[in-house]
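Colleague: Sequence:
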Amino acid sequence: MILTTFICQFLVVYLLGVQSLMVRDGNCIGAAMGSIAIGVTQYLVIGIISHIGVDGLFSLTGAAFLLAGPIAIVCSIKSHPKLAEWLKGKGRWMLRF
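Okay, so the sequence shown: first residue is 1 according to the UniProt record's numbering, each after it adds one.
Hints in this document: simulated from the structure, not taken from any laboratory.
There's no promise every hint is true.
Unchecked claim - Think about it this way: if two alpha-carbon atoms lie no more than 20 Å apart in a straight line, the pair counts; the simulated EDC-like pairs of lysine to aspartate or glutamate are:
(1) 88 / 25
(2) 82 / 25
(3) 78 / 25
As the structure is a prediction and not an experimental result, all values here were calculated from the model.
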């Protein structure tokens, strides 16, 4: 449960960070697709929150939940330039067909 909590919360915060950068850059399609992914991961996090309430915020599960956010936002900031470059390349490849 600890790893699942970390991964789900990491994905929510990471995707929110990347989406924020896509909105800033005017990437409407990427931001819209990111919004769907955020919705799915938030749905998973809602199920996890009940376990954190039972275990307490200062349990290992709570710690995983809290630590995932700062790590994810830094990862989204650092990976966004490479991700944007990769997606632009994929977009050009897809337009050839």
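Colleague: For every hint, state whether the structure bears it out.
Modeller: Status of the hints after comparison with the structure:
{"no.": "1", "hint": "88 / 25", "verdict": "holds (13 Å)"}
{"no.": "2", "hint": "82 / 25", "verdict": "holds (14 Å)"}
{"no.": "3", "hint": "78 / 25", "verdict": "holds (15 Å)"}
Checked against the numbered hints listed earlier, the structure breaks none of them; every hint is satisfied.
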